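Novice: Here is what each chain is made of, one letter per residue.
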Amino acid sequence: MPPPAALVRELSDLFRDKLFIDVPSAETDLIDSGLLDSLQLVQLLLQVEQQLGLRLPLEEVDLDDLRSIARLAKLICARTAKAA
Amino acid sequence: MTGLLQALVTRQAERRPEATALVCGDERLTYGELEAAAARLARVLRAAGCRPGDRVCFLAPKSIAPLVWMLGILKAGAIHVPLDAASPAARTRRIIAACEPSLLLAAGAAEPLLAEMAPGIPVGWLDPEPPKALAPAFGPADVERADTAPLECPRRPEDPAHILFTSGSTGMPKGVVITHANVSAFIEWGVRHFGLNETDRLSGHTPLHFDLSTFDIFGAYAAGAELHLVPPDTALLPHRLAEFIRASRLTQWFSVPSVLNYMAKSDAVAQGDFPELRRVLWCGEVLPTPALIYWMTRLPHARFTNLYGPTETTIASSYYDVPACPQSAAEPIPIGVACDGEELLVMDGELCIGGVGMSPGYWRDPAKTAAAFVPHPVRAGERIYRTGDLARLRADGLVELIGRADTQIKSRGYRIELGEIEAALASIASLRESAVVAIPTDGFEQWLICCAYVPLPGTSLTAAALRAALARLVPAYMLPARWQELPALPRNANGKVDRPRLKEQFALATESCPHPLPSYAN
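If you're matching them up, the sequences are chains A and B in order. Counting in the numbering used here, the final residue of the first sequence is number 84, and the numbers go up one at a time with none missing. Counting in the numbering used here, the final residue of the second sequence is number 522, and the numbers go up one at a time with none missing.
None of these hints come from the bench; they were simulated from the model. The structure presented is a predicted model; accordingly, all values stated were derived computationally and were not measured. In this text, a Cβ means the ideal position worked out from N, Cα and C, and glycines have one as well. One or more of the hints may lead you astray.
[Claimed, not checked] Among the chain A residues that face chain B by a calculated CB cut under 10 angstroms, a handful are: (1) Arg16; (2) Phe20; (3) Gln40; (4) Glu60; (5) Val61; (6) Leu63.
Sequences and hints are given; from them, build the entire structure.
Specialist: In C-alpha cells:
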C-alpha cells in the first residue's frame, strides 16, 4: 500500500522547514544525491520524533528505509500501524 | 629503500606478491596486482604526455581504483591531486585551474560532476564506457595493453608527492604541497610506534582528499598490511560501522573523533566488542572525554592514541597514548608530545610546529606561505608553521589545546574556514548580506554552523533556496545547519557585524531543540 499523500507532503515540508532542504521529489535518492549526510540524518530522526511523535532509534533503522521521502513515509506508516 | 612512496609497494610486491593489499566490499587486490596495475598506468600516463613533476588530478568515489591511480601517478613521477567527488563543480573547477594538471583521471560516478565542470584538460576515463560528450585521452583498454616494466622515475624524496586542498578563509581553497620525505617520516614513526606489521588489517575511513588517509594507505604499504576501505554509505549509520569493524576483523581503527563520538552516542559498541582490534586512533579535532571513556570501557583490550596535526605538517605531529581510562568526563585529553623528528612550540599562546613533516608551502602562493611558515625563533635557516591553534604546555610536559586564534572550526574532522562560507554567500545575487558563525554543541559534530541572512529588498529567499544555492559553491560539510532570515544583521558600535550576539541568538534557538542522540548509555 502506498503511503498517504498527506504524510509525504508533511515530510517534504519537514525537510524544507526544519532541515532547509528542498527535495525535488518523493523518489529522490537522498543518500546518492548527497542531500543526507550523518549530521542531517540525525537531525531528520529528531524532527520526525518532534513533529510526528515517532521515535526511530538510529540503531534500528536501515539505510534503505531512509533513501527517499517515499521510503521513509512507508517506514513511518509501518511503525505507526504496529504501535496501534 | 629509495625514499619514494611508491617503493613501499614495490618492496611488498617482491616479498609477498600474493598478500592482500586492498579490500573494498567484494573487491580485493594483492600487492602483486597493485604493483602491476599501477606500473601499467604509469606507462600510459607517460605516453599521454605526463612529465615528472606534472600534476595529475583524480576524481572518483572511494574505491580500489583511485588507490591504483594514485600509485600510478607517483610511478610516473607526477604529483597526485585527489579531488573530492562530493564537492560542487564550481569549487572543484577552481582547484583544477589552480594546480594546472596535465591530466585528469576519472571513472564511474564522477560522470555528472565531470560533465558539469568541463575542466578543459585531457581526461583519462578508466571505466569501459566513456560518457557521451567525452573524448578520453585514454581508457582502460590502453592500460590493459601497457607493459608492467618499471619506468625510470627521476624523482627525489624532497620532491612533492601530492597536493591537498584545504579550506581558505578568503574563499579560495589552499593547496598544501606535501613531499615524499614528509610522508615517509611520519610513516616510519607510525609503523615503529604502533608496531604495524603484515598481520594488520587497517581501516581506510577518511576520504582520499583528506590528509589522514595518507597514513592508512602508506602505513599499510610500509607494513605489508591489508587496507580495508570503509564504503561511504556505511559511515552514515553507527551500527553499520561497528558491523564493518567486526566483519573485517580490523586490528586498527583510525577516524576523526566525531565518528567515535557518533558510535558512542548511539551505543553501537558492545562490551568486549571487536576482539581483534588492537588500536583506536583519532586525529582532526578534539575527542570529547565522555566518548573516550565509553570506548575505553567497552574495549579494555585496545590501545588508544590521540594524534594531532594540521595538513601543513603532514598527517600528525604529536601523539598521546592514553595511559588509562580518564577518571572524570571533565578531564581534557592532551595532544601529547612531538612525534620523532617533529617539534612543538607554544609562542604567545599559539602552537607552532617544526620538523620533518613541514610542507614546503602552499601551491604557488608565496604570500600565504610566508605568513604561515615563519622563521624558527632559535635555529637560523629553519622554519616553523603557525597552526592558529591556541595551546598551553602543561607542567607534565604535555601540550593541551585550548581553542583557535581565528574563525576556523573543525566539524566532523573537516577543517572549515567560516570565511570561505561567507565568501561563497557573498557571490549569491539575491542576498543583501549574511554572516556565518559557529556555536559549540553537545552533538557528535561538536560545532553547529549557523547563517543569518538578509535578502535583497523586495526578494523572497527561503532558507532552503539559499542552502541549495550555497550547495553549488561549497561542499556539503560546510553547509550551515541553522538558518535565520533577518531584516538586518545586528551591528556593534563600530558598525561591524555583532557576531557574539548572533551566536547568542542561535544558541538560544538551539537550546529549545534538543539533540536526538541519548547521552552515553552505560
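Novice: Next step is simple, just say for each hint if it's right about the structure.
Specialist: So, going through the hints one by one against the coordinates:
The criterion of a C-beta within 10 angstroms of any C-beta in chain B is met by Arg16/A, whose closest approach is roughly 5 angstroms, and the hint holds. For Phe20/A, the shortest C-beta to C-beta distance to chain B is roughly 4 angstroms, which falls under 10 angstroms, so the interface hint holds. Satisfaction of the interface hint for Gln40/A is found here, the shortest Cβ-Cβ separation to chain B being roughly 8 angstroms, below the 10 angstroms cut-off. This hint holds: Glu60/A has a C-beta 9 angstroms from the nearest C-beta of chain B, less than the 10 angstroms allowed.
Of the supplied interface hints, the one on Val61/A holds, with its beta-carbon coming within about 7 angstroms of a beta-carbon of chain B, less than 10 angstroms. Given the 10 angstroms rule on beta carbons, the hint for Leu63/A holds: about 6 angstroms separates it from the nearest Cβ of chain B.
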